[in-house]
Amino acid sequence: MAYDSWEKHISGCGLSAYMDESGKRSTGDDIIQSIALLHDRSNGLGGGFAAYGIYPEFADKYALQLFYDNNTVQSACEELIHRNFDIVESGPIPTRKVFGIGPSPVIWRYFVSPKESALDMSDLSEEDFVVQHVMEINRTVKGAFVFSSGKNMGAFKAVGFPEDVGDFYRLDEYKAYMWVAHGRFPTNTPGWWGGAHPFTILDWAIVHNGEISSYGINKRYVEMYGYHCTMMTDTEVMAYLFDLLLRKHDLPVEAACAVLAPPFWELINHMPEAEKALYTTIRSVYGSAMANGPFAIVLGSRDMMLALNDRVKLRPLVAARKGDVIYVSSEESGIREICPNPESVWMPKTGEPVIARLKGEPS
Amino acid sequence: MRFSYALPEFLVERDLERCIRCKVCVRQCAFEAHCYDEETDTVSVDSSKCVGCLRCVTMCPTSALIVRQNPTSFKENASWTGRAIKDIFKQAETGGVLLTGMGNDRPYPIYWDHILLNASQVTNPSIDPLREPMELKTYLGSKPDRLDIKKENGKLTLKTRLAPQLELRMPVMFSALSYGAISLNASKALASAAKEFGTYCNTGEGGLHRDLFQYADRTIVQCASGRFGVYRDYLQAGAAIEIKIGQGAKPGIGGHLPGEKVSEEVSKTRMIPVGTDALSPAPHHDIYSIEDLRQLIYALKEATRYEKPVSVKIAAVHNAAAIASGMVRAGADIIALDGLRGSTGAAPTRIRNNVGIPIELAIASVDRRLREEGIRQRASLVAAGGFRNSADVVKAIALGADAVYIGTSALVAMGCHVCQICYTGKCNWGIATQDPYLEKRLNPEIAKERLLNLLRAWEHEIKEMLGGMGINAIESLRGNRLHLRGVGLSDTDLDILGILPAGR
Amino acid sequence: MKRVYAKEEICAGCRLCEVWCVVAHSKSGDIVKAFNSEFPRPLPRVMVEEAGPFSFALQCRHCMEPPCIEACMTGAMFRDGAEGPVLHDPEQCVGCWMCVMVCPYGAIARDVTIKKIASKCDLCQGEEEPSCVAHCPNEALVFEDRG
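So the sequences go chain by chain: A, B and C.
To convert, note that position 187 of the first sequence is 187 in the numbering used here; the numbers rise steadily by one, no gaps.
To convert, note that position 433 of the second sequence is 433 in the numbering used here; the numbers rise steadily by one, no gaps.
To convert, note that position 55 of the third sequence is 55 in the numbering used here; the numbers rise steadily by one, no gaps.
One thing to keep in mind: the hints can contain errors.
Straight-line distance between alpha carbons at most 27 Å, and here's what the computed DSSO-like set of lysine-lysine pairs gives [unchecked claim]:
id	chain 1	residue 1	chain 2	residue 2
1	B	Lys155	A	Lys359
2	C	Lys2	B	Lys23
3	B	Lys195	B	Lys301
4	B	Lys268	C	Lys7
5	B	Lys23	C	Lys33
6	B	Lys195	A	Lys276
7	A	Lys276	B	Lys151
8	C	Lys27	C	Lys116
9	B	Lys151	A	Lys248
10	B	Lys23	C	Lys27
11	B	Lys155	A	Lys313
12	A	Lys248	B	Lys150
13	B	Lys151	A	Lys349
14	B	Lys426	C	Lys7
15	B	Lys155	A	Lys276
16	A	Lys248	B	Lys155
17	B	Lys155	A	Lys349
These are computed hints drawn from the structure, not numbers from a lab.
With the hints as extra help, turn the sequences into a complete structure.
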């Protein structure tokens, strides 16, 4: 067995997302409609959504959502969860039969909080404790996979076209102030539900169109900080990078974006001294975290939606605003499909993030 | 002993129809292999004196000379090869340690030749460096794990103060080649080329000649166990300081400059008497353990007000990874690893040919170890020892090196023909000599231009390879072993290198 | 005018300048023929001077007030135009070698191959640069106008 026996799965994709900055929640109908229009950007081998503000009744609990290969795995894994978490409520995630979605794994949801005794013993912060156990399950429990672990949010994904996935998970019955959707066009796939986007850790959810040619080093870089890439995709590593930069290193979003898609030296050389020093330092310290190669990503978190393009814009990304709602999509049509007359539409420049922030209380 | 049993290594043949008896060969051979007889108006050859430097062949205006391996051979014997027998003859005749120059020439595996690079097809566009930016700029020095950046009045403000860094236009530097081992003209060419290109050149342990202080801001000054030429101005002049613990060509022993090469100027620069052998002690006698290294690192940092990165160079040996980890924890900002094929001006043959490990494996295991310990950010990793071309460089970076040192490649660019007789001080190419007749053969301007051309050529090639992989900045290649595949390697080799076999 | 200048600090003393000067002034222009079969073989008009490790190639300096022209009784030595090189016409030369005597640089040679004449550098008239400069392997000879 080679030291790094990874195999990276590559894919092209379509994505759509919107956030209502006022916190007003809407059902999943719009986002399904938008991503359905981008049908041709995916090939039926993976679709998924992330929704924020969907579990107001359990807002302070971590919503662990898992795929199990079978019930045996489930009971083994639940033992592990029991040991470390207090489960407030659990049950299957409601689904409906949909023609385009094949045989499904066992899909279960737990609202939990870390067991105080276990948390104390661990010497970790609450969030690091959750991350560690998610990683542990994904790495060590064969046949179990945590695909969502944030508070008041959830990821929903499957092998299939995204509109069918949305229908399967009955997203029309959820209300969220931010919706993120993704349709996948993998060029090789194990046909595994866990491989669909979004990838999540804690509140972070990420969808991604592109292929990170720096994956090899990004992976080794995050591994140095205790992350384990278990899903064999570059999107996962992007999620961990954001977690590391924003949560652990406490970088401002703009700085994190400059890490992932930094300006060229040519540009840095022409900046005023202070800025030049800033970006030079960012690049020299965080070089291993730069995401190289084509990508357009949307990152969701409790209070923010972030969209970012690679350094040379090798993947499409369009943004628009109407009132309190900020939209991003792979194609302008994906926005106009659900918002025919936006106030403004723009193409974000390379490395220039589109940021929407939650300003009001979710309602 | 008057009579040697050793057969000539080379056979020099002269095409008498083409020879015009211009005597260029006679004048250019410092070993006096060619001889002109006025009486008969002919030039004759004593092949036993030929070292195979090919100076005469290159200079002959009528291409009348051929130098080839002496076809006379000993009776075939897989164990007692001609080389083995000849070495015994030499020792039986001299009673001495066999000396040699340049890097290990034995057929150990060269892993670079068993590693292949990736390129983008369809799913990820390759990038054309002729039309789009392609960045090779590299910073060497200690980096913190995280930066403290705050947003103040809508502007990002940097709160962290970074340790001193070296800025390289591309991750290739000139290796430690000491003045003394090489001529002043060669040193001048290296220093001026490094400065003009935007990389660094390393003084080696020979000190810094006063004429070279003008290039000091692009010079890494070395502090070796002999402390030759080390004084306040020297340390303060350099862009960085390198503590030389070991050298790939001769791990376990100190530098070695034969007295023949200690000329007036070398003596002034090294601060030793003219004509004395400059033999560095095997260890630093103030470093018998890792905590002593820490003291020297900080003594040098104190002496230079923490304004310069301190590098520590070791020969790649069996437990290089553990040693490197200790070096990082001792405060080294740069770890320089010199592999089995690292070169030298003079080394005992047995040591050069039998001690150390290949640089490929050393890079892989050191980089992995530092990552496992979470301290990879704290020091940059510079690899040395046998980089022959830009593809070797790209592979080294992908394995995990931040930059490489090139020594032999630079010498070859200047005219070195790798004949391995540097230790005699009679380099016919004017490079590894202090003989005033010979050193002027190297025009420092031409040598500089040749070095610059080499760097520019490699720069273009590295950009092409990077672009092919869909990468437009070198930092995305660094440690990115996913872009490497092994061919013809064992599972253990692959495991150590941390790469997959081709086809997987 | 452009003259040949030597950089003695990097002259390797190989004397290839002499070799190629001979070739440039030979009939065939072929190096092997020029040396091995042609007659007469021209003398090199550039001479490498050596003293210890120092060496440099010397040739006519093409003085602005050339003593050799003043000393020449037949007009064989002449200047080509007001600013041109100092040239020598072997047809008119009677081999008195007064020019050799007066040249302050010792840059004129005595040629006795066929008859007594003088021999000196003509800067390879008609060529872009003199052959010695073109063939110096170490670029220790340069052809430039230093006023």
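Hint-by-hint comparison with the structure:
This hinted pair checks out: Lys155/B and Lys359/A have alpha carbons roughly 21 Å apart, not beyond 27 Å. Simply put, Lys2/C and Lys23/B have alpha-carbon atoms about 30 Å apart, too far for the 27 Å limit, and the pair is violated. The straight-line distance between the Cα atoms of Lys195/B and Lys301/B is roughly 24 Å, inside the 27 Å bound, and the hint therefore holds. Between Lys268/B and Lys7/C, the direct Cα distance comes to roughly 26 Å. Compliance with the 27 Å bound is thereby established for this hinted pair.
Distance hint between Lys23/B and Lys33/C is fulfilled; the C-alpha atoms sit about 17 Å from each other, no more than 27 Å. Between the alpha carbons of Lys195/B and Lys276/A the distance comes to roughly 22 Å, so the proposed pair stays at or under 27 Å and holds. Of the pairs offered as hints, the one joining Lys276/A and Lys151/B holds, with about 16 Å between alpha carbons and a cut-off of 27 Å not exceeded. Restraint check for Lys27/C and Lys116/C: the C-alpha separation of about 19 Å stays at or below 27 Å, so the hint holds.
A threshold of 27 Å between alpha carbons decides the hint, and for Lys151/B with Lys248/A the separation of about 16 Å falls inside it, so the pair holds. Under the criterion of a C-alpha separation no larger than 27 Å, the hint pairing Lys23/B with Lys27/C is consistent with the structure, at around 22 Å. A hinted pair counts as satisfied when its Cα atoms are at most 27 Å apart, and Lys155/B with Lys313/A qualifies at roughly 24 Å. Only pairs whose Cα atoms come within 27 Å are accepted, and Lys248/A paired with Lys150/B is accepted, the gap being roughly 14 Å.
Taken as a hint, the Lys151/B and Lys349/A pair is honoured in the structure, with Cα atoms around 21 Å apart against an allowance of 27 Å. Note on Lys426/B and Lys7/C: the hinted pairing holds, with a Cα-Cα distance of about 23 Å set against a maximum of 27 Å. Between Lys155/B and Lys276/A, the direct Cα distance comes to roughly 13 Å. Compliance with the 27 Å bound is thereby established for this hinted pair. For the hint linking Lys248/A to Lys155/B, the alpha-carbon distance of about 21 Å falls within 27 Å, and the restraint holds.
At most 27 Å may separate the alpha-carbon atoms for a hinted pair to count; Lys155/B and Lys349/A meet this at roughly 19 Å.
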